[in-house]
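**Student:** Sequence:
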Amino acid sequence: MDNGKKWAIGLSMALIGFDVLTIYFVVDLFGYDELLDHFTPDGSVKSESPRGLARLLFVNGLCNLLFVSATLMAWLMDPDNS
Numbered sequence: 000m001d002n003g004k005k006w007a008i009g010l011s012m013a014l015i016g017f018d019v020l021t022i023y024f025v026v027d028l029f030g031y032d033e034l035l036d037h038f039t040p041d042g043s044v045k046s047e048s049p050r051g052l053a054r055l056l057f058v059n060g061l062c063n064l065l066f067v068s069a070t071l072m073a074w075l076m077d078p079d080n081s
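Numbering (numbering that gives the first Met the number 0), first residue to last: 0 to 81.
These are calculated hints, taken from the structure and not from any lab test.
Note that the structure is predicted; figures quoted are calculated from it, not measured.
Where a beta carbon is used, it is the ideal one built from N, C-alpha and C, also for glycine.
Certain hints may be false.
As the list claims (entries may be wrong) - Distance windows between CB atoms, simulated: (1) Ile15 <-> Asp77: 15 to 25 Å; (2) Ser46 <-> Lys4: 45 to 55 Å; (3) Asn2 <-> Ser46: 45 to 55 Å.
Use the sequences and the hints to build the structure in full.
**Tutor:** Written out as structure tokens, the structure reads:
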């Protein structure tokens, strides 16, 4: 196995680990009811639920994990790419 393939496998595995860690934190974000406080133009404080953003980040993390895993498996199973 050449040096470039070792680096690609190592970086792909690191990205998969980072995606799993990101999904763990996003799932934890679903547990918060009101997290974002900001001032409105009339001077009052408004609280918002982060669930919409958490859903978006969760789907993004799952798609990224699927793409990287499928690419890595296809590259490792290719007999011409030794």
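**Student:** For every hint, state whether the structure bears it out.
**Tutor:** Each hint tested on the structure:
1. In this structure the hint that Ile15 and Asp77 lie 15 to 25 Å apart at CB holds, the actual value being about 18 Å.
2. Between Ser46 and Lys4 the beta carbons are some 50 Å apart, a value that agrees with the proposed interval 45 to 55 Å.
3. The given range of 45 to 55 Å is respected by Asn2 and Ser46, whose C-beta atoms sit roughly 52 Å from each other.
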